Amino acid sequence: MAILLTDCGPGRRRRVHGMLKLYYGLNEEGKAAEEPESLDPCDINGPHFDPELYLNKLRRECSLAELMDQETCMVKQIRSLDSDMQTLVYENYNKFISATDTIRKMKNDFKKMEDEMDCLSANMAAITEFSASISGTLQDQHTQITKLSGVHTLLRKLQFLFELPARLNKCLELQAYAQAVSSHRRARCVLQQYSHLPSFKGIQDDCHAIMDKLAQELRQKFRDGGSSAKDLSECVELLLQLDEPAEELCDKFLSHARSRLESDLQGLEAEIRPYPSASAVKDASARRLSSTTGAGSLTNNSPKTNTLPSPTSNTDILEFIDRGCNEFVSSLCLVITSYQELFINHAQTGELASKNIPQMANAKLHVFVDDLAARYFSLVERRIQEEKGVGDNSLLVRALDRFHRRLQAVAKLLPGSTVPNKGTEIVIRAATERVKQYLSALQSFYMDSLTDVRQALATPRLSVAGASVAGGGSLLGGPASGRDAPTSLPELLSSLSASILNQIKSVLASVHLFTAKDITFSNKPYFKGEFCSQGVRESLVVSFIKFVCQSSRQFCESAGDKGGSTPPALLLLLSRLCLDYETSTISYILTLTDEQFLVQHHSPVTPVTTLCAEAREAAQKLLNHYVKVQGLIISQMLRKSVETRDWVNTIEPRNVRAVMKRVVEDTTSIDVQVGLLYEEGVRKAHSSDSSKRTFSVYSSSRQQARYAASYTPSAPMDTNLLSNIHKLFSERIDIFSSVEFNKVSVMTGIIKISLKTFLECVRLRTFGRYGLQQIQVDCHYLQMYLWRFVSDENLVHFLLDEIVGSSAHRCLDPAPMEQSVIEVICERG
Amino acid sequence: MEDDAPVIYGLEFQARALTAQTAETDAIRFLVGTQSLKFDNQIHIIDFDDENNIINKNVLLHQAGEIWHIGASPADKAVLTTCYNKTSDSRVVSCAAVWRMPSDWETGSHESPDDTAHNPQILELLCHLDDSAHGNAACVLWEPMGDGKRVISLADNHALLWDLQESSTQATVSSTATLEGKGQLKFTSGKWSPHHNCSQLATANDTAIRGWDLRTMSQIYCIENAHGQLVHDCKVKFWDVRNVQEPVKTLEEHSHWLVNCKGGRGGGVHLLHLDLQNNHF
Numbered sequence: 001m002a003i004l005l006t007d008c009g010p011g012r013r014r015r016v017h018g019m020l021k022l023y024y025g026l027n028e029e030g031k032a033a034e035e036p037e038s039l040d041p042c043d044i045n046g047p048h049f050d051p052e053l054y055l056n057k058l059r060r061e062c063s064l065a066e067l068m069d070q071e072t073c074m075v076k077q078i079r080s081l082d083s084d085m086q087t088l089v090y091e092n093y094n095k096f097i098s099a100t101d102t103i104r105k106m107k108n109d110f111k112k113m114e115d116e117m118d119c120l121s122a123n124m125a126a127i128t129e130f131s132a133s134i135s136g137t138l139q140d141q142h143t144q145i146t147k148l149s150g151v152h153t154l155l156r157k158l159q160f161l162f163e164l165p166a167r168l169n170k171c172l173e174l175q176a177y178a179q180a181v182s183s184h185r186r187a188r189c190v191l192q193q194y195s196h197l198p199s200f201k202g203i204q205d206d207c208h209a210i211m212d213k214l215a216q217e218l219r220q221k222f223r224d225g226g227s228s229a230k231d232l233s234e235c236v237e238l239l240l241q242l243d244e245p246a247e248e249l250c251d252k253f254l255s256h257a258r259s260r261l262e263s264d265l266q267g268l269e270a271e272i273r274p275y276p277s278a279s280a281v282k283d284a285s286a287r288r289l290s291s292t293t294g295a296g297s298l299t300n301n302s303p304k305t306n307t308l309p310s311p312t313s314n315t316d317i318l319e320f321i322d323r324g325c326n327e328f329v330s331s332l333c334l335v336i337t338s339y340q341e342l343f344i345n346h347a348q349t350g351e352l353a354s355k356n357i358p359q360m361a362n363a364k365l366h367v368f369v370d371d372l373a374a375r376y377f378s379l380v381e382r383r384i385q386e387e388k389g390v391g392d393n394s395l396l397v398r399a400l401d402r403f404h405r406r407l408q409a410v411a412k413l414l415p416g417s418t419v420p421n422k423g424t425e426i427v428i429r430a431a432t433e434r435v436k437q438y439l440s441a442l443q444s445f446y447m448d449s450l451t452d453v454r455q456a457l458a459t460p461r462l463s464v465a466g467a468s469v470a471g472g473g474s475l476l477g478g479p480a481s482g483r484d485a486p487t488s489l490p491e492l493l494s495s496l497s498a499s500i501l502n503q504i505k506s507v508l509a510s511v512h513l514f515t516a517k518d519i520t521f522s523n524k525p526y527f528k529g530e531f532c533s534q535g536v537r538e539s540l541v542v543s544f545i546k547f548v549c550q551s552s553r554q555f556c557e558s559a560g561d562k563g564g565s566t567p568p569a570l571l572l573l574l575s576r577l578c579l580d581y582e583t584s585t586i587s588y589i590l591t592l593t594d595e596q597f598l599v600q601h602h603s604p605v606t607p608v609t610t611l612c613a614e615a616r617e618a619a620q621k622l623l624n625h626y627v628k629v630q631g632l633i634i635s636q637m638l639r640k641s642v643e644t645r646d647w648v649n650t651i652e653p654r655n656v657r658a659v660m661k662r663v664v665e666d667t668t669s670i671d672v673q674v675g676l677l678y679e680e681g682v683r684k685a686h687s688s689d690s691s692k693r694t695f696s697v698y699s700s701s702r703q704q705a706r707y708a709a710s711y712t713p714s715a716p717m718d719t720n721l722l723s724n725i726h727k728l729f730s731e732r733i734d735i736f737s738s739v740e741f742n743k744v745s746v747m748t749g750i751i752k753i754s755l756k757t758f759l760e761c762v763r764l765r766t767f768g769r770y771g772l773q774q775i776q777v778d779c780h781y782l783q784m785y786l787w788r789f790v791s792d793e794n795l796v797h798f799l800l801d802e803i804v805g806s807s808a809h810r811c812l813d814p815a816p817m818e819q820s821v822i823e824v825i826c827e828r829g
Numbered sequence: 001m002e003d004d005a006p007v008i009y010g011l012e013f014q015a016r017a018l019t020a021q022t023a024e025t026d027a028i029r030f031l032v033g034t035q036s037l038k039f040d041n042q043i044h045i046i047d048f049d050d051e052n053n054i055i056n057k058n059v060l061l062h063q064a065g066e067i068w069h070i071g072a073s074p075a076d077k078a079v080l081t082t083c084y085n086k087t088s089d090s091r092v093v094s095c096a097a098v099w100r101m102p103s104d105w106e107t108g109s110h111e112s113p114d115d116t117a118h119n120p121q122i123l124e125l126l127c128h129l130d131d132s133a134h135g136n137a138a139c140v141l142w143e144p145m146g147d148g149k150r151v152i153s154l155a156d157n158h159a160l161l162w163d164l165q166e167s168s169t170q171a172t173v174s175s176t177a178t179l180e181g182k183g184q185l186k187f188t189s190g191k192w193s194p195h196h197n198c199s200q201l202a203t204a205n206d207t208a209i210r211g212w213d214l215r216t217m218s219q220i221y222c223i224e225n226a227h228g229q230l231v232h233d234c235k236v237k238f239w240d241v242r243n244v245q246e247p248v249k250t251l252e253e254h255s256h257w258l259v260n261c262k263g264g265r266g267g268g269v270h271l272l273h274l275d276l277q278n279n280h281f
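Each protein sequence line maps, in turn, to chains A and B. Once you know that position 451 of the first sequence is 451 in full-length UniProt numbering, the rest is easy, because the numbers rise by one and skip nothing. Once you know that position 91 of the second sequence is 91 in full-length UniProt numbering, the rest is easy, because the numbers rise by one and skip nothing.
To be clear, the hints were calculated from the coordinates, so they are not data collected in a lab. Do not rely on the hints blindly, as some may be mistaken.
DSBU-like, lysine-lysine: derived pairs with alpha carbons at most 30 Å apart [as the list claims (entries may be wrong)]: (1) A:Lys640 to B:Lys186; (2) A:Lys640 to B:Lys149; (3) B:Lys77 to A:Lys640.
Which residues of chain B face chain A? A partial, calculated answer using Cβ under 8 Å [as the list claims (entries may be wrong)]: (4) Leu37; (5) Asn85; (6) Thr87; (7) Ser90; (8) Val93; (9) Arg215.
Since this is a predicted model, take the numbers as computed values, not measurements. Here a beta-carbon is modelled for each residue, glycine too, at the ideal position from N, C-alpha and C.
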């Protein structure tokens, strides 16, 4: 025999257990072993072990020595297994013996217990018997006692009832109403039940009489209202318990409160000035304004100041709102609290809740509050509307804040109320109105500034302390500067521009108060969104910029035909202002606004580009108009000079006519004026000696060709026509075309208009020989000086050429002057 | 007409005077007077054939001088007035006269155009509308839709109402009106209103338009600064005499200088303008 397990050690015992388990078909988990190796018939520990097979296998595979070893090992294992088995059997036997002992002992104990239980049950039966006998003996007495006690109670109740009228009377005397009511309540049901018995009926009638009297007194007390809130509430409570209709009580309470609140409202209304005699107010407000604000303050400029007297001379708006809050709103809150205490909170707990009283009372309260609040709001709104002066916005904002803040108390007391929302609406309306006022203030400031500029332009080089642009003052009453008026155009422009910008900034700062963090309404959605974007940005800033552009355009429309009501320098200055707005100012202002107000554009807003385009258009229009006005001024001189002269009978020219010198002088000064505000611009390259080149064209080929055409009557038409058609397409000059934003382009426009007028006037006249020669001299002189102003000197050549050509055409004796003679005359001056 | 290309007619000389011949009811006819200092001036009679979109022309000689204004009688299609400059001895005088076209001018129209150009017929003078007391005539206006007996001439600052007698061979001044004011005021143009029983006249001087009542010869309205002063500013303004504060309509489409502007017959929709610069219209 050989054995597989060769090694012995600490795990052996375990393995022995395992082998036993295996033997019983159990594995470690207690389930039937299903290991595949156990199927091996050569596994000595497996269930399918086949000794024959195993022996054959050993014999086949092992040497003799190995077989010997196997046998030794196997024998050793068999021995150890045997000893293990003996040990286990012994242990089991011992345990079985001890179990047998225990069972025997328990048997004895139970026997003893059974005896004791029998004894106990016998005792209990005896006790029951005794108890029954005692009850039987006491039964009669007990019934008697109960009966007596019942009679006693009844007697006490009867006594209470009989004494009730007296007691009630006493309570009435002592004004212990609460006690009286509670006593009566206790007796009421009984009296009602037994009212068919005459004696009870009498008592009931007495009680009724007394209670009626009591109710009467309570009502009287309630009506007088002089008592404290606590008394009043007790009074109401008692009345409610006396089945007084709750609705009536609510109404009475509220009407009582109303009379008090209305006196508050009347006090407020008295604060709003009931329009005293206009002149007195005018004086008063004028005095006040002149003393408190600077000369240039916008409040002075508002025409409304005079027509609608501001009551601020009495109480300012903050005081007014304060009074409203402290008197009306706090009384209202008190009324709400005590009313709720009486009719709603109190009633909710008692039996009254079942009668829907809280709901009814609550509805009444809402109507009451809404009604009074509406009146209060209308007063506040009237007062706010009288706030016309835009000097100090903080007062109004603080007043509105206080107004709004105090309404939150109402909101807390009366959760479903519409009052706080309506209050917010008033604040919103006030803010919107304010924005409008600021816009019109800005507009009138702008127009006043323009008037000042006009004055400064009309009185140049003079120190006009009061009428300077700087004297236009600041909106918020800043110090009007006393320095000398800037008189040069660039200075006027920059000071105008700066004062407008300052004004916008100060207005923005004022309006910004509405959105300050410590203001309660600033976190309302309106003030976070719409107020910033639609209110401030669109209605104020954008509207103002548009106003500037529009008013500028109006200068072009009104002044044009009605004879220069707008000085040309102002047109030029405004044009530059609008151009500056286009290039930088507009985007600066809007960026400033957006940053200050953190505008988040939920709704579409006017883009910067649109405004810029508008400003540019205005600038263009103004500049075009400037060109036209200046051109017409020079044109007028030229026209008069042509119209008033007898060109047929004139002497041989010796000099350039004075009017031409004047034209050149005026053109030069216009050039200087434009140069102050606009850049030079580009011009075409000059020829080396522009002034000398005059009329070479005229005196040579072209003009000769034209004469030739006129001299031959039969066939000139075609060539003349052709040359004219050619001219129509090749050299057409657009006289009133748009000018560019530079000096040269402006000057070109003015000169074009002037020379074109000259040409048209010449065409209406008839010239003699010397008349033509005078025109030649004049035109040469103009050529000498005008070319330098224009972008393309050929333009001047062309127009002057046309003038000389036309006068030659209108000449009875066209004998042109020698070019050299012309030059001599012109150089002599 | 809108579908057709504009018809262009070339003149030999420059021209400023244009009128529609309202007495001619069969054809669309215009009269144009030329301006030339050196040659005999002409009156071009231009018939527009709107069916074929072509032009027929005839030329009459106007030897008295260059024509600044022309007016056709509303009653007799052969009668017309001109204002013209007469130059004599280095003096230029503005005159006005009533003329009759030679009776057979129309027969020449069927000959070749060259023929008429070379042998133009001459206008027959009916009478002068000159009054030495009243300066230079700027324009002559026929009574609209009248019987061809009454004309108004504007001379310097006077408006003269003439009665034509003896088949228009005699003219007498029946009444006058004078424009008073600072400086040398001068009528430049005028129009006899066809409304109000032909009792109103509108005149232009400088930049003002004035209305006159012909029964009393007194001014009834005045529109100051009605138009741009010196250079014509390419605008046509329509005015309503009942409201002289604002123009009814302003046209700015014209790119050329407008020298003369007349309302067409068909409800005033068509406007004809004479382009001075280019001798075309």
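Open item on the list: Min Cβ distance, asparagine 85 of chain B to chain A: is it shorter than 8 Å?
Closed with: holds (6 Å)
Open item on the list: Please check whether threonine 87 of chain B passes as an interface residue: C-beta within 8 Å of a C-beta belonging to chain A.
Closed with: holds (6 Å)
Task: Minimum beta-carbon distance criterion (8 Å), serine 90 of chain B to chain A - done: holds (5 Å)
Open item on the list: Less than 8 Å between beta-carbons is the criterion; does valine 93 of chain B satisfy it with respect to chain A?
Closed with: violated (11 Å)
Open item on the list: With the threshold set at 30 Å, check whether the alpha-carbon distance from lysine 640 of chain A to lysine 186 of chain B stays at or below it.
Closed with: holds (13 Å)
Open item on the list: With the threshold set at 30 Å, check whether the alpha-carbon distance from lysine 640 of chain A to lysine 149 of chain B stays at or below it.
Closed with: violated (38 Å)
Task: Evaluation of the interface hint that places leucine 37 of chain B against chain A, nearest CB under 8 Å - done: holds (6 Å)
Task: Per-residue hint verdict: arginine 215 of chain B, partner chain A, C-beta under 8 Å - done: violated (31 Å)
Task: Pair hint lysine 77 of chain B and lysine 640 of chain A, alpha-carbon separation not exceeding 30 Å - done: violated (39 Å)
Checked against the numbered hints above, the structure breaks hints 2, 3, 8 and 9 and satisfies the rest.
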